[in-house]
Each structure stands twice: as C-alpha cells, then as structure tokens.
Amino acid sequence: MIPRVREYSIRFLFGLVTLFPILVVLSLLLFAPPDGNERTQFLQFLGRFHPLSVHLPIALLMVVPLFELAGRNRHFPFLLPAADFLLGLATCGAIAAAMLGWSLARAGGYSGPLVTQHMWGGLFVAAAAWSCWILRAQASSAKSQRLYAATLIATVGIVSFTGYRGGQLSQGENHLTEFMPAPLGALLGVNSSDSVPANSPNGAPGTFYGARIQPVFAQHCITCHGRNKHKANLRLDNFESLMRGGKHGLVIKAGDSKGSELFHRITLPVSDDDFMPPDNRRPVSASDMKLIERWIAAGASGTQAVDAIKDVPSHSVSQPAVEVAFTEIDDAAVAKKRADLADVVAQLQKKFPNIVDYQSRGSDEIVINASWKGSKFGDNDMAALAPLAARIVAMDLSSTSITDKSATALAAVKHLRSLRLMHTKVGDATVQALSSLDQLEFLSLFDTAVTPSALSSLAKLPKLRRVYAGETKISAGAPLPQGLKDRIVF
Amino acid sequence: MAFMMNKFRKNDLDVSNELHPETRFAQLQAQTRRHFLRTMSGGLGTIFLGTMASSYSALAKVAERGPDGLPRLDVTRDARSPLSALPPEFASKAKRVIYLHMAGAPSQLELFDYKPVLTKLDGQDCPASLLAGKRFAFITGVPKLMGSQFPFHQVGDSGHWISDRLPYLEKHLDDLCFIKSMRTDQFNHAPAQLLVQTGNARQGYPSLGSWVVYGLGTENQNLPGFIVLISGGNMPDGGKQLWGTGFLPGVYQGVQCRSHGEPVLYLDSPKDVSASQRRSVLDAVDELNQQNYAEFGNPETVTRIAQYEMSFRMQMDATDAMDIHKEPETTRTKYGSKIGESSFANNCLVARRLAERGVRFIQLYHWGWDSHGSSAADALNDGFIKRCHEVDQPISALLSDLKDRGMMEDTLVVWGGEFGRTSMRENRSGQVMKFVGRDHHPGAFTIWMAGGGVKPGFTFGQTDDMGYEIVKDPVEIRDLHATMLYLLGFDHRKLNFPFQGLDQKLTGVKPARVVGEILA
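Chain order of the listed sequences is G and B.
Quick note on numbering: the first sequence equals residues 0 to 489 in numbering that gives the first Met the number 0.
Quick note on numbering: the second sequence equals residues 0 to 519 in numbering that gives the first Met the number 0.
Source of the hints: derived by calculation from the structure; they are not laboratory data.
Model, not experiment: these values are computed from the prediction.
The reader is advised that the hints may include incorrect statements.
Stated by the list, open to error - As a list, the in silico DSBU-like pairs of lysine-lysine whose alpha-carbon atoms are at most 35 Å apart: (1) B:Lys325 x G:Lys484; (2) B:Lys133 x G:Lys257; (3) G:Lys350 x G:Lys404; (4) B:Lys402 x B:Lys454; (5) G:Lys404 x G:Lys424; (6) B:Lys170 x B:Lys143; (7) B:Lys133 x B:Lys433; (8) B:Lys92 x G:Lys336; (9) B:Lys333 x G:Lys462; (10) G:Lys246 x B:Lys133; (11) B:Lys170 x G:Lys472; (12) B:Lys509 x G:Lys257.
Just need the whole structure built from these sequences, with the hints factored in.
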C-alpha cells in the first residue's frame with residue numbers, strides 16, 4: 000500500500016498546485032474583467048501569445064478520448080497510460096492559455112458578449128481538464144469510470160464551443176459559414192452571405208441620424224466600437240452609446256463639430272497617431288465627413304428628420320467609386336499564345352524596327368505603325384507583312400507611300416479593327432476592298448482621293464463606328480449611303 | 000556550381016593527365032572504394048547544391064517583384080536604341096499626350112467653375128472660417144469675396160457652364176472631361192509646377208513625359224519622343240527641370256524646341272560640310288564612345304551616342320515637322336498663327352504636326368496666367384483677357400484638327416495650371432489694389448482632358464458654393480498621374496526605376512488612385 004499512498008500524495012500535491020492558478024483566473028474574471036479599456040503594453044505583449052498557446056491544450060484534449068478508446072483495443076494497450084500524462088499536460092496548457100487570454104482581453108481593450116463567453120469557456124476548459132485528470136486516477140469502480148467519461152465528453156464540448164467563439168473573435172462572426180458552398184449552407188439551414196444579423200443601426204430610417212450618420216459609423220467604426228468590441232469603452236452602434244461617449248468622456252458635443260472628439264479624430268491627418276479609423280483602414284470620405292460635421296453643428300439630434308439639415312452632400316450623387324482593377328500578366332500563357340508566330344514576328348520586327356509590335360505585353364495581337372516612316376514605307380513593305388495578316392488588329396499607314404496596289408493585302412487583314420490611311424494616295428479601290436473586314440471599327444481616310452462612290456462598300460460593315468473623311472472628295476452635302484451618315488466625320 | 004565541378008575535376012583527373020603514363024596507371028590501380036565514395040559524396044553534394052541553386056534562381060525571380068509584391072515592368076532595350084518603342088503593359092486608349100500647361104495658374108472661377116452664390120456675395124468681407132489656418136502668398140487681413148469677373152452661360156448637350164472668355168473652345172465643350180476637384184499641396188509656382196510635371200515638389204525627379212517615353216519609347220526614331228514648346232515670353236517658373244529626366248537615363252529628357260527658325264540650334268551642318276562628311280565624323284565619335292561604354296558601362300555614354308545619332312536624323316525630319324510654312328494659309332488662319340512668332344498658336348500647330356509624326360509626348364507651356372492684379376499684365380481685367388484670347392482659338396483649332404483626322408481617338412489632350420486661385424480678391428499689403436486679381440489657392444482647381452479614353456462631356460468633382468474647397472471627389476496630382484499612365488496602358492505601381500534604395504515611381508510612395516469615374 001505504501002507506493003499507492005505515495006502516488007496519491009504526489010497527484011494530490013500537483014492537483015493542489017494546479018488548482019491554485021485556476022482559482023486565480025476565476026478571480027481575475029470576476030474582479031478584473033475586460034472592460035474595453037486598453038492597458039499596459041507589456042500585458043498586451045504577453046496577451047499576443049494567447050493565440051499561439053491555445054492550440055496545444057485543444058489538441059491534447061481532443062486526443063485523450065481517442066487514446067482512451069483506442070487503448071481498449073488489444074493492439075494499442077500502451078496508449079492507456081499515456082492519456083494520464085496528456086491530461087496533466089493539457090491542464091497546464093489550458094491554464095497558461097487562459098491567463099494569456101485574460102491578459103489579451105483585459106489589456107487589449109476588448110469587451111462584449113463574444114469575448115466574455117470565450118473567456119469563461121477558457122476557464123471552464125482548464126477546470127474541466129483538471130477534473131478529468133483528478134477523476135481518471137480515482138476511476139476504479141464502474142460508476143466512477145462513467146463519471147470520468149462524462150466529464151471528458153463535456154470537456155470536448157466546452158473546448159469546441161470556446162474554440163468557435165475564439166475563431167469568431169479573430170476571424171469574424173461568420174468565419175465558418177462565410178465561404179460555405181451554397182448547397183451545403185441550404186442543407187444546414189445557414190445563409191452563408193449574412194448568417195449574422197448586421198449590427199442593427201439603432202435609428203429610425205426617417206431620421207437624419209438613422210439614414211445618413213449611422214450608416215457611416217456602421218461602415219467605418221463598429222468593428223472595434225460595436226456590439227462585440229468596445230475599444231476605449233466606446234460604442235458607435237446605437238445613438239445612446241454614441242452620446243454616452245467612451246473612457247475619455249463625450250465624443251460628440253452637440254452644436255460644436257470642431258470641438259467634438261469624434262469629428263476631430265476622423266479629420267486628423269492620416270499619419271497622426273490619433274487618427275481614426277487606425278491601421279490603414281479606409282478613411283471616412285470627404286462627403287461623409289461633411290455629413291457628420293453638419294449633423295453635429297445642427298445639434299447632433301437622434302430624432303431630427305432626414306431632410307431637416309440642408310446643404311449636405313446629397314445621397315443620390317454619392318455614386319459608388321469606380322475602381323480600376325489591374326491584372327497581372329502571366330508570362331507563360333502569353334508566350335504560349337504567341338508561340339506559333341513568334342519567330343515570324345521577331346524576324347519582321349528586325350526588318351521593320353519600331354513598326355511591328357504586339358498590342359500590349361499581355362497580347363498576341365499585332366499593331367503596325369508605319370506612319371513615321373513616311374514615304375519610305377510602301378506597297379512592297381506592306382506585302383512583306385502578309386505572314387502576320389491574321390494577327391494584325393490595328394494599322395497606321397498615314398503619310399506612307401502605299402497605293403491601291405496594297406488593297407488586296409489590306410483585305411487579307413481579317414481582324415483589323417482600326418485602320419488609318421490619311422495623307423496617302425489610296426483611292427476607291429482600297430476602300431472597296433475593305434468590305435470584307437467585318438471587325439473594322441475605325442477608319443481614317445482624311446486627305447485621300449476617296450470619292451463617295453466607294454462608301455457603299457463600308458455601309459454594311461457591322462462594327463464600323465467612325466469613318467473620318469475630311470479633305471476627300473466626299474462632302475457633307477453629298478448623298479451618302481443609308482446607315483453611314485451618322486458614322487462619317489468630316 | 001560550375002566552378003566547383005571544375006575544381007573536383009582538376010584534382011582528380013586533370014592534374015594526373017600530366018603525369019607519366021606509368022605513374023598514372025599505378026595511381027589508377029590505387030583507386031579504392033574509399034576514393035570512389037569520397038568523389039561520389041562530393042558529387043552528390045554538388046547535385047544537392049545544384050538543386051538548391053534552381054530554388055535560389057526562383058528567389059531571384061521573386062526579387063523582380065518589389066516589396067509591394069508587384070512585378071516590375073521590364074523596360075530594358077538594346078543599348079544602341081534606348082528610345083525604341085515597347086508595347087504598353089495592357090492595351091491602351093491613348094498612344095500619345097499633348098499637355099497644355101498654363102503656367103502661372105489660370106483662375107478656375109473666371110473660366111469653368113461657375114459659382115453664382117459667390118457672385119451674390121461679391122464685395123462682402125470674407126468669413127473668418129475660410130481664412131482660419133490658411134496661408135496665402137499675398138492676401139493679408141480680411142479680404143473681400145469676389146465673384147467671377149465674367150458672365151457664365153451653359154453650352155452644348157452636356158450643359159456645362161463656361162465663361163464668355165473662351166468663345167472658340169466652347170464649341171468643343173461636349174468633348175471635354177473636366178476635373179473640378181484637383182488639389183495640390185504647393186502654393187508657389189515653381190514647386191507646384193514641379194509637382195504637376197514630376198510628381199514631386201523638389202527638383203531632381205523625372206517628368207511625366209520622361210516616364211512615359213521611358214515606358215513606351217517612341218516609334219519615330221527621327222524625332223525626340225518628348226518635345227517641349229514654350230510661349231508667352233517667359234520660361235515657366237519651374238525651369239527646365241519640368242521636362243528633366245531626374246534619375247532616369249538622360250535620353251528620356253524632354254527636348255525643348257524653338258517654334259520658329261531652326262527648331263534646334265546648330266542642328267544643320269555648317270556651310271561647306273556635306274552630309275557624308277558629317278556622317279564619317281559621327282561614325283568616328285560613335286566608335287570612341289562605344290569603346291568608352293565597353294570600358295566603363297556608363298549609361299549616359301549610350302545617351303550621348305543616341306543623341307548624336309538622333310540629331311543627325313533630325314536634320315531632315317525636325318525641320319520639316321516644325322515648319323508651319325508647309326501648312327496651307329487656311330489652316331494657319333484657323334489657328335490664328337503668324338509665321339515668325341513664337342506664339343502659343345504656332346506651337347499648337349506644331350504640336351499637331353508632331354502628333355501626326357508619332358511624337359509620344361508633346362508639352363506646351365504658355366506663360367502669364369498669374370493673375371494677382373498687381374499690374375495690368377497680370378490683372379484679371381487685362382492680362383488674363385489677353386491670355387484667354389491667345390490660347391482660345393489655337394486650342395480649339397488643335398482639337399478640331401485632331402478630331403477631323405481621327406486622332407482624338409488615341410491622343411490624350413490635357414489642359415491645366417499648377418493650382419487654383421482664391422475666391423477672394425487679392426489685397427496685397429491689405430490695400431485695395433488698382434487692378435483686379437486673385438491670389439494662389441492650392442485647395443481647388445480645374446483641369447480638363449479630352450480624347451484618348453476619357454469620357455467626353457463629363458465633369459468629375461465639385462467645389463463648395465464659394466469655389467473654395469472641394470466637397471466631392473478630390474483628385475490629387477498623383478491620382479491624375481496614375482490615371483494618365485493608366486490611359487497610356489500602365490499600372491503606375493509597376494513602372495519603376497531603382498534609385499536611392501527605392502523603387503521610384505511617378506506617383507511616389509503615397510497610394511494613388513486611378514480616377515475610374517472619368518474613363519470612357
């Protein structure tokens with residue numbers, strides 16, 4: 000019996016030693032809960048290790064039931080004794096994680112139901128792991144074994160709940176359902192796009208506050224100053240909290256925009272430490288600033304009608320900004336597209352430097368600009384470009400010495416969208432040859448010998464937008480083919 | 000890796016080759032399994048390092064991206080033709096730019112930004128709220144508000160408001176795209192002009208035109224890709240830095256040409272020197288320069304070679320391009336151009352001829368818009384009227400010509416100054432001045448663009464009823480630059496040049512936004 004007593008006493012001793020920090024965490028939660036105020040940086044520094052430390056006890060507590068089950072199989076009996084050690088380690092890990100978690104929440108300015116539930120969950124995990132550990136050693140009878148099993152299952156449940164709340168805190172309330180495939184969402188009865196109700200803007204839509212001001216806060220502020228996080232003890236998700244202010248007192252002084260802390264903070268230079276919203280989040284737009292300024296100046300009322308304040312940027316003109324998206328060029332894909340004619344292009348580029356080129360770095364389409372060569376570019380050169388005909392989409396042959404002899408060569412450029420022939424000697428024969436270019440959108444015939452009789456061939460081109468026919472024999476008064484009139488520019 | 004391989008080979012084989020055959024035979028007999036293993040492990044190590052090397056080269060590939068994670072555009076060219084054309088990053092709407100810079104900053108309130116409320120308040124003391132925290136170049140104390148000096152009326156399908164000072168331009172109003180909410184942080188001419196033209200208020204940065212020619216090159220190798228023409232009797236305050244090349248290779252610098260006489264001085268060969276003589280001199284100089292470049296690798300040497308070559312080619316083409324004699328009388332009348340003057344009208348006509356010849360970036364400066372009211376020349380009721388008259392007809396003729404030729408489709412025309420002017424009348428030293436004028440105002444000004452991919456007949460941005468502060472959609476200079484580069488086919492973040500430890504770009508380090516709203 001002596002070894003038995005000895006074993007018991009060590010366990011008893013450890014049990015006591017580990018119970019003490021659990022009680023410490025309990026008292027911290029009771030007497031120093033997170034209240035939305037930011038505190039010492041050192042405590043925050045420690046707290047930042049909370050996300051790092053939580054995963055060890057989670058994994059261990061998930062593994063223990065597995066060991067208990069597998070250990071009953073005759074192949075893995077050696078797993079059973081290991082469970083005891085794992086439980087002890089998990090208890091220590093859970094306690095450490097809970098303490099770090101409290102540091103993070105208390106010093107990092109958190110508050111709200113999510114963080115409260117997560118915290119109490121963490122405490123219960125530590126307590127439950129501790130209980131499992133104690134109970135397991137005592138589990139000699141069938142009854143006490145059942146008690147141990149029940150506690151273990153409960154522990155797994157608490158761990159899951161607490162972990163989910165933690166995920167919500169760090170990744171958003173709908174982090175699990177946000178990108179859930181729609182069929183699965185429908186099956187589970189979750190609406191993946193907005194499974195969490197938006198923080199309801201407490202403010203009647205008929206009021207200026209509800210219609211114009213609250214949406215600005217909802218867009219820019221309530222992630223940190225809302226229902227779930229109350230940084231600096233400030234909530235901007237409803238009118239009452241807004242007027243109550245935060246730990247530094249009032250943020251809105253009715254009638255005095257410049258003297259209102261909130262307006263002051265959002266209008267500071269972006270580089271200022273006190274600027275809101277912080278950390279490169281999107282600043283409040285100029286027109287929204289104006290709105291807030293006018294609203295405070297008019298008395299910061301929660302009930303004033305939406306049209307009571309004049310001279311504010313109107314709703315209808317605040318169209319959404321048009322953002323330009325840049326795509327990255329996939330060099331391999333471009334090389335593949337270009338591969339079949341790459342050699343020909345390279346050869347002709349050598350022959351005609353600065354005349355033959357790709358339309359862009361990401362394109363396999365070719366553009367030709369021979370206009371700068373002037374009379375040194377002629378029909379023979381045009382003929383030399385024939386191997387590229389299928390790829391050419393734009394040609395500028397202005398001021399070159401090409402003539403109607405190039406008409407067939409031009410007609411072969413099937414995908415031509417833009418063709419400039421100004422200041423050349425081309426005539427009707429060339430224009431008539433263009434009738435097969437059904438992709439042609441744009442044609443400049445300025446200062447050529449083209450006559451009205453050539454135009455009928457153009458009238459049927461489906462995509463033609465503009466024909467520039469100034470300084471030709473075509474005049475505005477001349478009878479023009481039907482459907483071409485409004486596309487000709489003189 | 001290769002050098003390590005060589006080393007192994009040298010130790011084990013090459014040296015023994017030199018030995019006497021018998022000794023060598025004995026040595027080969029003495030080769031043991033131990034030797035084999037030693038050599039092989041060395042070889043395996045080499046193979047391992049070889050595989051590592053490929054992952055290092057992958058790292059090197061990543062380093063082609065900047066710290067922002069974006070790839071850098073490769074604009075390397077054959078050193079002998081640093082100006083050769085390169086395709087844009089993506090298909091572009093604008094192939095070339097004509098930038099009309101009104102040096103001195105024309106008053107937006109007398110031309111395009113219609114403010115009837117300000118007219119009603121004309122003559123009243125300026126409210127303190129407009130003055131608080133503001134600094135002015137000359138205004139002191141409490142100035143008086145001043146309404147527009149000229150009547151406004153609505154024109155065209157777009158219903159734009161315009162004053163009566165630009166009767167020719169108003170025919171094109173439906174083709175223009177206004178930004179009425181431009182903003183700058185400089186309120187003196189030189190730094191403000193530098194900011195508009197180089198993206199930086201200090202000297203030493205490449206100009207807009209230099210960046211464009213650096214990125215796109217120029218097709219016409221017989222003319223510079225970036226040409227600058229000046230009128231109004233004075234250089235703009237920012238000086239030649241406005242078309243300088245900063246840290247980019249010198250070859251991308253703007254070339255200032257004279258708009259009458261020889262476009263570039265000393266371009267022609269001296270009397271009794273034939274073209275072939277000139278050619279052989281150039282060949283000899285090039286040869287020397289090439290040797291110098293091979294030895295020292297200074298890119299400025301390449302610039303020098305390229306400039307010599309270009310000046311030789313320019314002898315023909317530049318004189319032809321600049322020669323407005325070649326235009327018919329009717330065209331010259333349309334522009335209001337008179338041969339022999341260095342007028343804005345002549346420069347507009349030359350600009351059109353250069354654009355036809357594929358010059359990438361054409362920059363016109365017209366001096367004299369600094370309407371303080373301190374003398375007749377800079378008064379709104381005198382000099383300003385003359386400036387308007389000088390530019391109105393030529394700009395209108397230029398737009399007409401570009402439109403007739405179909406060149407508006409791919410030419411971006413930009414008009415603007417370097418800042419705006421105050422809603423208050425200038426009261427230098429607190430006195431009522433003899434002439435009427437307005438002070439510098441960086442807070443809001445108007446520019447317009449036309450052609451090359453911008454919405455015609457469109458207005459973006461809005462100022463308050465005083466025309467004093469922007470109330471909607473402010474546009475920074477860097478946003479304008481980002482937008483222009485976008486129209487020319489570039490993501491402004493990817494067009495870089497490494498200098499002083501930074502991947503320098505036209506738009507600088509602050510985030511710039513392409514004004515998507517004005518794109519056609």
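- prompt: G:Lys350 and G:Lys404: Cα distance at most 35 Å?
  reply: Roughly 21 Å separates the two Cα atoms, so the pair holds.
- prompt: Is the hinted pair B:Lys325 and G:Lys484 satisfied, with a Cα-Cα distance of at most 35 Å?
  reply: This hinted pair holds, its Cα atoms lying about 32 Å apart.
- prompt: Holds or violated: are the alpha carbons of G:Lys246 and B:Lys133 at most 35 Å from each other?
  reply: Given that 35 Å is the threshold and the Cα spacing comes to 33 Å, the pair holds.
- request: With a cut-off of 35 Å on the C-alpha distance, tell me whether B:Lys333 and G:Lys462 pass.
  value: holds, 34 Å
- prompt: Does B:Lys509 pair with G:Lys257 here, judged by a C-alpha cut-off of 35 Å?
  reply: Distance of about 27 Å is within 35 Å: holds.
query: Is the Cα-Cα distance between B:Lys92 and G:Lys336 35 Å or less?
result: Holds - the C-alpha atoms of G:Lys336 and B:Lys92 are around 23 Å apart, at most 35 Å.
message: G:Lys404 and G:Lys424 were given as a pair; does the straight-line alpha-carbon distance stay at or below 35 Å?
response: holds, 10 Å
- prompt: Is B:Lys402 within 35 Å of B:Lys454, Cα to Cα?
  reply: holds, 15 Å
query: Given the proposed pairing of B:Lys133 with B:Lys433, does the C-alpha separation stay at or below 35 Å?
result: Holds, at about 25 Å.
task: Given the hint that B:Lys133 pairs with G:Lys257, test it: the Cα-Cα distance must not exceed 35 Å.
output: Holds. B:Lys133 to G:Lys257 sits at ~16 Å (cutoff 35 Å).
query: Are the Cα positions of B:Lys170 and B:Lys143 separated by 35 Å at most?
result: holds, 34 Å
message: Given the hinted pair B:Lys170 and G:Lys472, is their Cα-Cα distance within 35 Å?
response: Distance of about 26 Å is within 35 Å: holds.
Comparing the model with each earlier hint shows no violations; every hint is respected.
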